[in-house]
Every structure is written in structure tokens, then in C-alpha cells.
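From first to last, the protein sequence lines are chains A and B. Residues 1 to 539, numbered by our numbering, are exactly what the first sequence covers, in order. Residues 1 to 690, numbered by our numbering, are exactly what the second sequence covers, in order.
Think of the hints as simulated: they come from the structure by calculation, not from any bench. Please note: incorrect hints may appear among the correct ones.
Residues of chain A clear of chain B, computed beta-carbon distances all greater than 10 Å [stated by the list, open to error]: (1) Tyr121; (2) His175; (3) Asp266; (4) Asp525; (5) Ser539.
Here are some chain A residues pointing at chain B (derived, C-beta under 7 Å) [as the list claims (entries may be wrong)]: (6) Asp87; (7) Glu91; (8) Gln138; (9) Leu431; (10) Asn434.
Here are the simulated SDA-like cross-link-like pairs (lysine to any residue), alpha carbons at most 20 Å apart as the crow flies [stated by the list, open to error]: (11) Lys317/B <-> Ser18/A; (12) Lys378/A <-> Asp510/B; (13) Lys199/A <-> Leu441/B; (14) Lys274/B <-> Phe315/B; (15) Lys507/B <-> Pro396/A; (16) Lys378/A <-> Lys507/B; (17) Lys86/B <-> Glu507/A; (18) Lys53/A <-> Phe117/A; (19) Lys378/A <-> Asn131/B; (20) Lys203/A <-> Arg584/B; (21) Lys317/B <-> Thr304/B; (22) Lys403/B <-> Gly368/B; (23) Lys452/A <-> Asn131/B; (24) Lys77/A <-> Lys158/A; (25) Lys317/B <-> Met202/A; (26) Lys226/A <-> Lys274/B; (27) Lys203/A <-> Asp510/B; (28) Lys199/A <-> Ala435/B; (29) Lys199/A <-> Thr350/B; (30) Lys408/B <-> Leu13/A; (31) Lys452/A <-> Val132/B; (32) Lys443/B <-> Gly299/B; (33) Lys53/A <-> Pro304/A; (34) Lys507/B <-> Lys443/B; (35) Lys313/B <-> Ile21/A.
Note that the structure is predicted; figures quoted are calculated from it, not measured. In this text, a Cβ means the ideal position worked out from N, Cα and C, and glycines have one as well.
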Amino acid sequence: MQQTATTFDPIALSILWSRLISIVDEAGTTLQRTSFSTVTRESNDFAVVLMDKKGRSIAQSSVSVPSFLGVLPILTKALLKDYFPLDTWKEGDVVMTNDPWLCAGHKPDIGIVSPIFYKGYIIGFIGTIAHSPDMGGQLWGAGTRDLYEEGLMVPPTKLMSQGEPNETLFNILEHNVRAADQTVGDIRAQVAANDQGIKSLMKLMEENDLEDLQDLSDAVINASEKAMREALSAAPDGSYHYAYDTDGDGRGVGCHFEITITIKGDKVVADYTGTSGAHYMSINAVLNYAFAYTAYPIKCAFSPDVPNNDGSFYPITVTAPKGCLVNAQKPSPLGARNVTGNMLHSVVFGALAKAVPNQVQADCGSACWCIVLNGEHKGKEFVEYFFLNGGYGARPTMDGEHVLSFPTNVANVPIEVLETDVAVLVTEKSLLPNSAGNGEFRGGLGQRFSFKNIGEKPINVSMVAEKTVTASKGILGGEDGSMGSVKIVPEREFPSKGLGKLFPGEELILTLPGGAGYGNPADRDKAAIAEDKILGYIS
Amino acid sequence: MKLGIDIGGTFTDFVLFDNNSNQLYFAKTLTTYPDPTIGIFNGVKEIEDKFNFPVKNMDGIVHGTTLVTNAVIERKGAKTAFITTKGFEDVLEIGREMRYDIYDIFLTMPKPLVPRNLRMGISERVDIEGNVVTPLDEGALKSLANTLKENGIEAVGVCLLNSFANTSHEKTLGDYLSKNVPDMYYSLSSEIMPEIREYERSSATAMNAYVQPITDKYLKDFETQLRTAGFEGNINIMISSGRLTTIDGARKSPIHLLESGPAGGAMAGVFYGKHLQEENLLCFDMGGTTAKACVIYEGKPEITNHFEAGRVKRFKKGSGLPVRIPVIDLIEIGAGGGSIARVNNIGLLTVGPDSASSTPGPACYNLGGEDPTVTDADLVLGYLNADYFLGGEMKLSVEAARKAIENKLAKPMGISIEEAAMGVHRIVNENMANAARVHVLEKGMDPRHFNMIGFGGAGPVHSFGVARLLNTKRLIIPVGAGVTSAIGFLVSPVASEKIHSHISELKTLDWNEVNNFLSDMEEDGYKFLEKSNIDRKDAIISRVVEMRYYGQGHEITIDLPEGKLSDSDVAEIQARFVKEYEFRYNRSIEGMRMEMVTWRVVVEGPTPEMKVKQFTTQVGEEDAFKGTRKVYFEETGYLDCPVYNRYALKPDEKFDGPAIIEETESTTVIGVNTTIQVDKNKNILIDLHL
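Same shape as in the complex, but just chain A (with noise of 0.2 Å):
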């Protein structure tokens, strides 16, 4: 293919780069009308990212859940350099994987990558992660004990060839998960949402007489670059350590976080040595993972306004101690990895408060909690998972939002919609009052979630809450948010991490902690205080 270099000036490239952008969004849309699980059609738990053919992310989806966005790149690498070499692919594969590994760090995290062909060359990729309704194994939560008690592995693998699907898959998945038309459902949607981009970007290339989309690619990938570099090099170089501490079992077996963080010049080095090891329960996360999670916080203090590629992680390092939390190895277990890959933000701001204090926000009421629900209801088994979220950190110059999701993105799913899939009545959902970490700006409040089991059958739980022996940590002077709770009505001993079972008639209490002040409380603006006094969020 005969081709000369493009370069785009800044008018062509703007106009470029956000319809890039909304090929995505407009994949990302597709993939939510027609998916079954709650988790991506009421709660946007997936990503879609746009790849150059070197697997290099250009362009993602808008209101996507950071960590995949971050991970959809590296798999596509990895599947150029182990498992299939650019000359292999052919128009009309799919391939799909759900090894942590090379993937979003559990199994039902299940990554899609469709090769884009144009005028017969192959010019990209498109890749979907969203997560499945199930993958068998043990009902997916905290609380499995190793690697195989959480289901299906399946490796890098033809999903389709050439158009035509791969029944053996298809056929196996099927007889190994839980609710199997709503998980090969969304498996079917994430391959029309990918069909979706590749259809879009035909006529991107076609409408602008591009052959190829190298140049366009590097152009993109390098402003993003630099601008990452430029926000890096005015922050003042230095190392900067902070230490934290999470639930971990929530039973005496914590957790505890240590990173140090060096800016030098346009680069900067996020080490978590002193980390502890992998924990006996399913909270681990792998390095891509940790990666995500950690160079996400720093786009956010740094370059939140360019849009995200590949060129902005290019100055970001991340190291663990191989075995560590952060870094977990075979066969440790990691279904509820995203409680640990949720707090790394916590350290990340701990630290980087200490060189760009403007640029970072207090601790959050995070993790996100997670709640699976699984039973019978009207004749039918049902795999529900819902999100709880806690009260947002205090910033620099506003205090933090009640009741919203960070640092990952996903959405509640409505009471109404939760009572139509499953035997519970939802018994109250408000905000927590006083719950919030005070400060010069307060924190924002947690909430209080409970139902009662209604049916005639128990339901399994399983519970993944975090902060119920741990705080939200204030910075600079902010305090710390409260801490949440996990209850059950009559009362008895509940996990919360791990599976339980409510019994019919009976009640789980969920509460969730708040997010962290910022700043010396005597120096919050009085009229903030009468206001929260009146609207009865500190009494």
C-alpha cells in the first residue's frame, strides 16, 4: 500500500478527533439498548476504545468506567504479540477473552476485539469490555478461595471467524453460566456495538479520504502526550509517599496500601512497595489492572480537558512488588478486585496532595459497593447485581457531592427496576446524615439502602462493602468520613465481604460511608454551615 504521510493542521485534527470520539459514544449507545444485564444497561458497567493496528488506544467511549478504558489497549496488545500476529486477523473475527491477566482482572470482565478492515487492509481495532452477568464458579463476589472457584477462564479465542460464530464457545458458555441468554445476550451486544464503530469509521475514512489511520492515530496520541507532559513538568519534582488502610476482610485481616510517587521533569513513577501481600480473599488485582487505576488519578489532577489515548499514559510508570495486593499472581483469587483497584485513587491523591494540592480531591466513600443477588423469582433464576456509592471527596474549592460513584463510573439501578426482577421490597434509601468527613470543604454524605426478602425462597447475597472497619481519610487537614455498615434484621452475623444467604421475611441494612473533608474545619465559610444545618445534612 502505497501511502504518503499526512499531517493534519490544528483545524483538520480537531474536527477529527471528536468525530472519533463520538464513534465510540455512538457504539457505546448500541451496546446498552440491547443488553440484558442490569449491570451495562442500568449501571454503564462496559468501555468502548477505538485502537490504531499497533493495539494503541485512540479514542474512547465518554461515560465509561475508567478501568476498562485503560485496560482495552494492553489486551490488544497482548493478543498481537502472543496470541494473534496483525497478519492473522481477517475481516469478520471477534475475539473474545476473560483472563484477568491480559484482561480487566476478573473473569466476568469479558473483553470483545474486532479487527477493522478498509479497502482490504487492516487499519485497527475496536474492542468492548463489559461485565457478564455470570461465569459460573461460585457466585461471583469477595469470597472465593482461589482462581477456579470463580468460573469459566476462557483464553484469547476466535468468537467468530471470518462472520461465522464459534458454536463450541458459544455451546460451552452456555452450559457453564447462570442466566445464559442474558450473558451471551450481552456477549452478542458488545459484537454489535463493535460492528457498530467499524461502520461509523468506514465513513469517517471514506468522507475524508483517509487510507489508512497511522497518521491520524500518532497525531492524536501525540497531543494528548504532550499535553500530559507539559501538565507533569510544571509540578515540582520530588518523591511523595503516603500510606493507607482498607477492610480487608473486614475481620482483622486488612489491607495496607504504601506508594511512592516520583515527578521528575515530564514523568512521573507510582511504586507501591511496602503494599501487602495478596489477601486470602478475592480482592486482588493484577498489574494492568493497578496500572488503570492508578494512571487515572493522575490524568484526573493533570490533563482532565484532552481528550484520553494512549499518549496520555506514555510518561506514567507504575511498579509493584510481584505477589503483592497490587499485583497479584496465579492462582490467587480476584473476583471483587475492583474494591482494591477503587482505592488506589485514596493513595494516589494521599500522596499527590503533598506536590499539587489544587489538584486532587479527599478520599471518597469508595469502593463502590457491589451486591449480587441470586434466586429464584416467578419461575425463573435471577443474577442481579446492583451498585451502592458513597458520599464524593471534598475538593479544593467545593465540597464533595453526596452519593456518587468514583473513581469508577457506574450508576444504581432503580428501585422500581430491582423489584421487577427480583422478590425484594426496597424498605428505604436516603442520605446519611453527618456521615460526611468535615473540613474547610466537607466531604459528601453516604446513604442508607435496605430491603426485606419477599419471596418464599432465601436469596444468596453476595456482599462486597468496604470502609465498614476503615474511614474515608481527610487531607490537609479535612477529617475523616464515617464508616459504613452492613446489618441484618432480626439480627445475626452478616459478611461484609463474602456470601450470605436472607432468608425470607428477612431485612439487610446497608450502610455506606461518607466521603472525606478537605482543609482545616475552622476554616469553613459559616453560611456553609447554617445551609448544611437547614437542609439537615449535619445536625
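Using the hints provided, position chain B relative to the given structure of chain A.
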């Protein structure tokens, strides 16, 4: 004789149609604050003085206004309370817990319209199937009513959990409030938006309550003043779905007025399309602060139920308050002529989304604005005439425009002022074309199959560039491009839309129950039309259901077969669903069960006919050709472009582009490789050659 009145942010537009002479008359007055009826009666007087049509001789008036939208954006609604199931008072504030921007840690979420101290819970509970789990605590009603009174509440929204499945508790509450707090307005979610998903339903209900007192007062004043002036005809109000309601209908559900002006524009597009035999049209409406696009397919506008009002960040989906009402699917594709251009931190030229609005306005207004805007670029490029802006009422400064572009854009990028101005013009066109393209594609359609109609103050300036980018074959700039919404008001039908939530699998539906509620909904619709003196035999019924594969969360809309439904219709409904699903997503799922969710019945009166013989504007005998001026086009650079006076163009005249055609409210810009034709009604038809 019928009068359309459209209140916009800056101007109030009037369009009068005289069905004796089949002529249209236009007028424009400044919108007056805080009482917009003053501006209205200024215009009514102007029409009487200028054209000799007193208001008492008119048969009908159709009205639309930005009042409701502005009340939400500016947070100037009533003191509103909110009543919900005890334990769920904060649902309205918590929302969906999701961020609309993932990298901005400084984002703020929209504040609820009702603050926490004015949200009250009452003990009651209905389950998802409509069974009462906890009876309504009627003993608590008295103290609740007292609290409302003590707090000086003007309006209250009521949204109880699962009330779409059983409306009785909300009804009891409503009855009690109307008897015991008669001066207070109340909105029930089961009447405003009887659909599943508590946050979205609460949001719509609270908003309806919030805007009800001001809308009610305004509409009452409006009606009283018209009646005092001797007007005896029907008064109808334009709503977001492109249909008309009565004054009473608007007072009851004012949230339906949210998009009344833009919906009028779309309906004008439908009208012109019919006139010009263009079934499929892309409407492009660009003003000073906003640009919108809308698809008209097979002579009909697309209607959506997803809408957000009062966004914190204008172009960020999810940053506003959701309102699931039927709205013409108008997408906001840009911030209009006032959009500010700048070079961003990585050296790229960007335009918008922020706007210089009217104060200080674009640099060329010379009112202190230093930021270069789209209008400044248009002036530098020669598209606008510095001495003939708004018909010469406002002088523009080319010098100020050039200086702003030079300092803020050309110098930092190291390019000429003209190149920078062209860049701004191109980027804003690209952004708008891009958004319009995605919008059309999302509907599974191909933008190249649509001709375009351009209107609004800045629409005719940018339509050509946008049309080129979309590979449009023909562009239409209608007469009355500056008062299009008000024209649309006169050609929209009166209609009632009823919604019923009934979630059930297709295979196990109880068709008797379905037929019963459908016919009740139809009957309600007929009764509604009678209030506008429309006979039921003239009504058109359309019945649709929103359905999905069992287990999905998003529905698609399917037309129901006619007549009484039964098991024998199942195959047809299934086939329609599969066809629509495949059209949208290129595939269907074999053997998957289907589920019906929301049922809608629209009972619509006849679409008013308007057989326009001649659009009356200033008719001059002078030559249309005004001379030439230097205009910059991307393909050619500067050239001496012919300039025409639109009012002097003769019907059936035909000439080649490039051309600039000037009229009072706007300027039509046409590039090279085009043929321009003036039709018998003086619409400008532009054929774009490849």
C-alpha cells in the same frame, strides 16, 4: 384568521395567516421582562396598525414560550415541596449516582428543584404489581397539609413508589390536598409520567410542580387580556411533541412546554416539506445562542421520550434533570453565532461550547467583547454585511472582529486572520454537521438521503457549509426564516397523548385488559379534542407500545395493529418488533421472549391547512442585484461575490452560485458549484453539485 405568537429570549415573533386572502404577515417585537404580555400586546397592536387586523377578528391564537425552560435554567420557579413514600425522600437528590464527566474531579451535579427540608415522606407502600403492602397513613395527612401551609409552599409534587402500577394512594393524597390546601398547586406522578423508574418519574413530577404556579399565572393573564381585547376564538399552546394543547392542558402539565419554540420550528419544517414535496428533511435551526437539528422522516418529525432540562454543562448528557416526556427529537448541535473560539492548551483551534451571548456579545458588536466568536469570523469572511445587520439596525465593527481573531487565534497559531476565521467557520460547521450526522445515524438512517432546510438568524449563514459536509443535494432557505417557529405553531394539530404502564410478556398478555385501557385512553382523547371544538369523527388515533426483549432495559416503539387486539395479533406485533429491532441494530435474537412496557395513545385533530398563496414581505420593484463584495470561500479564497436583496428576487428566477442573499433577519451564504432557484413562494432552493 389565525395568529402564531412565539416568545423567545430576545424577540417575540408573530405570524398571521389570513385565510381569506391566503396571505402570511410577519412581525417582531422585543421580548419584555418581567411581564412578557406587554411585548405580546405591542405586537398585537403593531399587527392591527400595520396590516389592519384587529385581534377581535381572529379565529384562533397559537402560543409558545420559553417561560418554562427559563424558569428551570434560572431556577426561578415556585417554592415547591415534594411528597414521597417514607424512607425515599432523598431519591430526588441522589439521582442515578453516576458522573457525567469522568476526568473532571471538580464537577457539580444538578441541584434538585426541591431542597431536602421541603421533601416529606408519608407512610404507605405499593409493590411492583400494584398490591398495597402498607396502607396510606391517612391520619398523617392533616399534619402534612399543615406543614405545607406553614412553610408557605406554592406547589407540591407527589411521587410514590410503584405508583404507575397503582395510582390510588397518589389520588387520595391529591384529593386531600385539593380540598384542604386549595390554593396550592399539586402534581401527581401517575398523571404526569406514569412510567417505571422512580428517579426519572420524581424528577419530572417535581419539575412540573416547580413551574406550575408561574405558568398558570402567566397563561391566565394571557387569556384574560386577550378576552378583554375582544378575542373570542380558540387559544392553543404549542407543546414539545409538536402538537397543540389547550390552555387548561398547559396549566395542568406545564413541563410539556419545555421545548415549545424549537418544536414549532420542526413543525414548520414538516409544513415546508409538504409544500415542497420533500418527505425527508433535516431541519437546521441556528440562532445567536443555540443551534438545533431535527430529522423529518416520511413527513413526520421523530419523537423521543428522553429529554433533560437545565443542564449544568450544556453539551454533557447526564448533567441535567431528566424529564421523560414526548419531545420532538431535536438535538442541540451547537451554541450558535455567539460561540467563542479559542486555541486550547495543546494548540488546537476549538469553538464553543461557551457563548458570548448578547452581552457583551461578539467582538464586532463593540460592546466590550474581546473573545472572537463565530459571528466575528462570519463578518471577517464577508458573509455578513457590517452595515446591514438586522436590516441595518445594528452596525458591526469589522475592525474589532479582525483584532479579536488576530490576537486570540491567528497569532498563537501563526496563520493569517482569514485562515483563522475560515477555521472557526469550518470547525463550527464541522461540529454541527458531526452532531447532526450522529443523530441521523443513531436512527439507522443515512444523512445523505436527506435534503436540508435552514432557518433561524444564523441558520442561512451556516446551512450551506453544513450541507456540503453532509453531502446534501438540496438546501432550502424558506421565506420567514426569522419567524419559523411561529409559522410552525399555525400548522400543528391539537392532540392528546395518554400513557399507560402495563408490563407483561407478549405471550401472556390479557388482551381484554389491554383493550379496555386502550379504549379508555381513546375516549379521554376524544373528550380532550372536544374542548377545542374538534369532532371525534375528524380525529386520528395512533396507538403504540414500547417493547423489548425480555430482560432488556431499553424499549423500542412499535405501532399497534388497528381495532380490538387479540392473540391473533401476536404474530404481527412480533414481526413489527423484529423488523424495527433489525433496522436499528442490524440483528435480532431468535426465540427470545418479548415484553410490552408502556402503552401510548395519541388522539389527534386534523392538521390545519394553510394554503399560502403569497408570503407578503416588502415587495420592491428594484433590481435584486446589489453589487459585489469580497467574500472568502474555502475552495477559492477571496472572490468578488454577487450580493442580492432577497425581497427583490422574482419567483422562478434562477442563477448560479456563489451568492450572498440579504434580508432583514438573516443572510444566506451560498458557495460555488451551486444552482440557485427561487420558487413561486420565494423560497430559495439551492442545488449543491459535486
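Minimum Cβ-Cβ distance from aspartate 525/A to chain B exceeds 10 Å
holds (16 Å)
Between lysine 77/A and lysine 158/A, is the straight-line Cα distance small enough, at 20 Å or below?
holds (16 Å)
Grab the minimum C-beta distance from aspartate 87/A to chain B and call the hint holds if it beats 7 Å, violated otherwise.
violated (28 Å)
Chain B contact restraint on glutamine 138/A - CB to CB distance below 7 Å
Hint violated; glutamine 138/A Cβ to chain B Cβ min 23 Å, cut 7 Å.
Minimum Cβ distance from serine 539/A to chain B greater than 10 Å, as the annotation requires
The claim holds: serine 539/A sits with its nearest Cβ about 12 Å from chain B, beyond 10 Å.
Satisfaction of hint between leucine 441/B and lysine 199/A, Cα-Cα up to 20 Å
Satisfied, since the Cα-Cα distance of roughly 10 Å is no more than 20 Å.
Does the alpha-carbon distance linking lysine 378/A and asparagine 131/B stay inside the 20 Å limit?
holds (16 Å)
Hinted pair, alpha-carbon criterion (20 Å max): lysine 443/B, glycine 299/B. Please report holds or violated.
The hint holds at about 16 Å.
Per the CB criterion, is asparagine 434/A less than 7 Å away from chain B?
violated (14 Å)
Compare the distance between the alpha carbons of lysine 313/B and isoleucine 21/A with 20 Å, and conclude whether the hinted pair is satisfied.
Since the Cα atoms of lysine 313/B and isoleucine 21/A sit roughly 18 Å apart, the hinted pair holds (cutoff 20 Å).
For tyrosine 121/A, which was marked as not at the interface, is the minimum beta-carbon distance to chain B over 10 Å?
holds (24 Å)
Given pair status - phenylalanine 117/A, lysine 53/A, alpha carbons within 20 Å:
holds (10 Å)
Of the numbered hints given earlier, the model fails hints 6, 7, 8, 10, 14, 15, 25, 26, 27, 29, 33 and 34; all others are met.
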